[in-house]
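Model the full structure from these sequences, guided by the hints.
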Amino acid sequence: MNIEKNIKTLIVKKPLKLDCGKTINNFPVAFETYGSLNENKDNAILVFHALTGDQFVTGLNPITKKDGWWSFAVGPDKAIDTNKYFVICSNVIGGCMGSYGPSHKDPETQKTFGTDFPVITINDMVNAQYNLLEHFGINKLFAITGGSMGGMQVLQFITNFPDKAKTVIPIATTSSHSAQNIAFNELGRQAITADSNWKDGNYETNNTNPGKGLAVARMAAHITYLSKKGLQEKFGRKLQEREDLKFGFDADFQIESYLRYQGSVFVDRFDANSYLYITRAMDYFDLVKQFNGNLSDAFKNTKAKFFVISFTSDWLYPTQENKDIVIALNSIGADVGFVEIVSDKGHDSFLLDVPDFLNALKNFLDKSYTELKK
Amino acid sequence: MKNEFKVISDLIEDNKKVLDVGCADGTLMQFLKVNKNINVRGLEISKEKVQECIAKGLTVIEGNAEKDLKQFPDKSFDYVVLSQTLQAFLSPELVLDELLRVGKKAIVTIPNFGNWKVRLHLLFKGTMPITKSLPEQWHSTPNLHMCTIKDFVNFIKSKEIKIIKTLALNSNNVSNITNNNLGTKNLFADLGIFLIEK
Chain A
1 MNIEKNIKTL IVKKPLKLDC GKTINNFPVA FETYGSLNEN KDNAILVFHA LTGDQFVTGL
61 NPITKKDGWW SFAVGPDKAI DTNKYFVICS NVIGGCMGSY GPSHKDPETQ KTFGTDFPVI
121 TINDMVNAQY NLLEHFGINK LFAITGGSMG GMQVLQFITN FPDKAKTVIP IATTSSHSAQ
181 NIAFNELGRQ AITADSNWKD GNYETNNTNP GKGLAVARMA AHITYLSKKG LQEKFGRKLQ
241 EREDLKFGFD ADFQIESYLR YQGSVFVDRF DANSYLYITR AMDYFDLVKQ FNGNLSDAFK
301 NTKAKFFVIS FTSDWLYPTQ ENKDIVIALN SIGADVGFVE IVSDKGHDSF LLDVPDFLNA
361 LKNFLDKSYT ELKK
Chain B
1001 MKNEFKVISD LIEDNKKVLD VGCADGTLMQ FLKVNKNINV RGLEISKEKV QECIAKGLTV
1061 IEGNAEKDLK QFPDKSFDYV VLSQTLQAFL SPELVLDELL RVGKKAIVTI PNFGNWKVRL
1121 HLLFKGTMPI TKSLPEQWHS TPNLHMCTIK DFVNFIKSKE IKIIKTLALN SNNVSNITNN
1181 NLGTKNLFAD LGIFLIEK
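Residue numbers (this note's numbering), protein chains in the order written: chain A, 1 to 374; chain B, 1001 to 1198.
Hints are computed from structural coordinates only; laboratory data are not their basis.
Hints are not guaranteed to be accurate.
Stated by the list, open to error - Cut-off 20 angstroms, straight-line C-alpha distance, at most; resulting in silico cross-link-like pairs (EDC-like, lysine to aspartate or glutamate):
id, chain 1, residue 1, chain 2, residue 2
1, A, Lys234, A, Asp324
2, B, Lys1047, A, Asp324
3, A, Lys362, B, Glu1048
4, B, Lys1070, A, Glu340
5, B, Lys1070, A, Asp297
6, A, Lys166, A, Glu134
7, B, Lys1036, A, Asp324
8, B, Lys1016, A, Asp335
Stated by the list, open to error - To be clear about the criterion: a stretch of chain B counts as covered by chain A if any three or more of its residues have a C-beta under 8 angstroms from a C-beta of chain A, and this derived list gives those stretches:
id, region
9, 1043-1051
10, 1063-1073
Unchecked claim - From the structure, some residues in chain B lie toward chain A, with a derived Cβ separation under 8 angstroms:
id, residue
11, Ile1054
12, Ala1055
13, Asn1179
C-beta: ideal position from N, C-alpha, C; glycine also.
See the structure below:
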């Protein structure tokens, strides 16, 4: 797949020291933008994508030919209104949509990195993306936002660069990956590495593809993005194109067929090693530990206005974990608002058409923008 | 805006930091922000009301005063406002203590159960009073701990809370409550407004 021609890339010349101790330089950060940057350069919103997202936030994704992952929220007249704001999103390093990752070639050996790519962290991701601000000449972002792993990047970004964003909107996220979160990610990684086509990560040189393992990883993860109620209402025990059970191991139930489909389409667009790297980065994320047990210290140098959003049926990053962020901010007198949105769509709610969520996001952004303009 | 909010607003100096507990749709917050340049935050339990506040550009946290006040540090607000809600908590005493911990001062308003209309309603009708400020039936009212202005004065005195100012609100009339007129005010006021500190 020749993807380069549709991908904008910033080559970061400056060396970046990673948390693992290694240093990378001259590395690509792939990005996309929507809307236009105004003269004062004060209307920019940096959006951070989640585990399997990419820089193609909205409109048609030129690589997958499907709608961008946040099409419900971002676009002209939408919650993040691209008539008004300049939206930037970049592919995380470790990813597979053009940014430096395990499918790239090691400049020293000219071989595909595979698992020789350095382990990266959420901290490394945001430090790499920070270069986009210099690239666009933006001194201060109007807003930073993202859900799930995107929310982790939001928290890490404002911690690292406390005066670089005016408003901060972490959504359906956590300040510290829980044992349950790590457990699900490990399940996915084990599915990939157990696939005999994975070849210790060297599937590209071996001309194999650990698609089965990656599909299982995606299927398991996909369940965690939905709620029990949502699944039950959508699928129940409905059968897949058959009148009765077949007494075999084909997909009898619609939910089985649905998951298999989700797994198979994912394999076409995602790299197995990237899945390992990015889930690892999420597992290593612990902003509480970075500040010796006191999350408030992460935010003590910022004057940004925060707005935290969670969803009732999200059991992956439940309301309480989002509230912990609110509590940490309140305990230092930060400007923070919080709302829990009622939705039975589970963790995926932030990606879907959930009007209460989209209205809250739009109102917060638009009112804050007007106020900051005064 | 209701008269109660005007009275509350008059008790707060410009440019202060205020927490409105049970801020509802943010009417008071909006007024304080626009007219007095107050740095104001709200705490509100109703999701619909929280959305209304966000639509007004107000900083609001969805939460419950009985559980969520503890996240705010001691004396982190100049004023904490609690309008006509104290009687609805399981433990008004704990909430009152929290208000005075979080705020340097607190402004608490209570619907007065000692008002003559309430007394007459019970005396003549023999049913639980329904009035403008107490519009719900006994079985559906959120109010668990109704009190009179006199009850509240006695309660805060017993807790060694300092009363800075006590006001009675009767339709549109505001008047001071003193030790001498407490009995009368307790009979005629619809609402008691207390500025207190600890």
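To see whether the hints hold, each was checked on the structure:
1. Between Lys234(A) and Asp324(A) the CA atoms are separated by roughly 32 angstroms; this puts the pair beyond 20 angstroms, and the hint is violated.
2. Of the supplied pair hints, the one linking Lys1047(B) and Asp324(A) holds, its CA atoms being roughly 19 angstroms apart against a limit of 20 angstroms.
3. At most 20 angstroms may separate the alpha-carbon atoms for a hinted pair to count; Lys362(A) and Glu1048(B) meet this at roughly 16 angstroms.
4. Simply put, Lys1070(B) and Glu340(A) have alpha-carbon atoms about 19 angstroms apart, close enough for the 20 angstroms limit, and the pair holds.
5. For the given pair, Lys1070(B) sits about 18 angstroms from Asp297(A) by alpha-carbon distance, which is consistent with the 20 angstroms threshold.
6. Distance restraint check for Lys166(A) and Glu134(A): the Cα-Cα separation of roughly 17 angstroms lies within the 20 angstroms cut-off, and the hinted pair is therefore satisfied.
7. Proposed proximity of Lys1036(B) and Asp324(A) is contradicted: the alpha carbons are some 31 angstroms apart, above 20 angstroms.
8. A C-alpha spacing of about 14 angstroms is found between Lys1016(B) and Asp335(A), which places the hinted pair at or below 20 angstroms, so the restraint holds.
9. Evaluation of the coverage hint for the region 1043-1051 of chain B: fulfilled, as 3 residues show C-beta separations to chain A shorter than 8 angstroms, against a requirement of three.
10. Counting residues of the region 1063-1073 of chain B whose beta-carbon sits less than 8 angstroms from any beta-carbon of chain A gives 4, enough to reach three: the coverage restraint holds.
11. Satisfaction of the interface hint for Ile1054(B) is found here, the shortest Cβ-Cβ separation to chain A being roughly 5 angstroms, below the 8 angstroms cut-off.
12. Given the 8 angstroms rule on beta carbons, the hint for Ala1055(B) holds: about 5 angstroms separates it from the nearest Cβ of chain A.
13. Interface hint status for Asn1179(B): violated, as the beta-carbon distance to the closest one in chain A is roughly 38 angstroms, over 8 angstroms.
The structure does not agree with the numbered hints 1, 7 and 13 stated previously, though it agrees with the rest.
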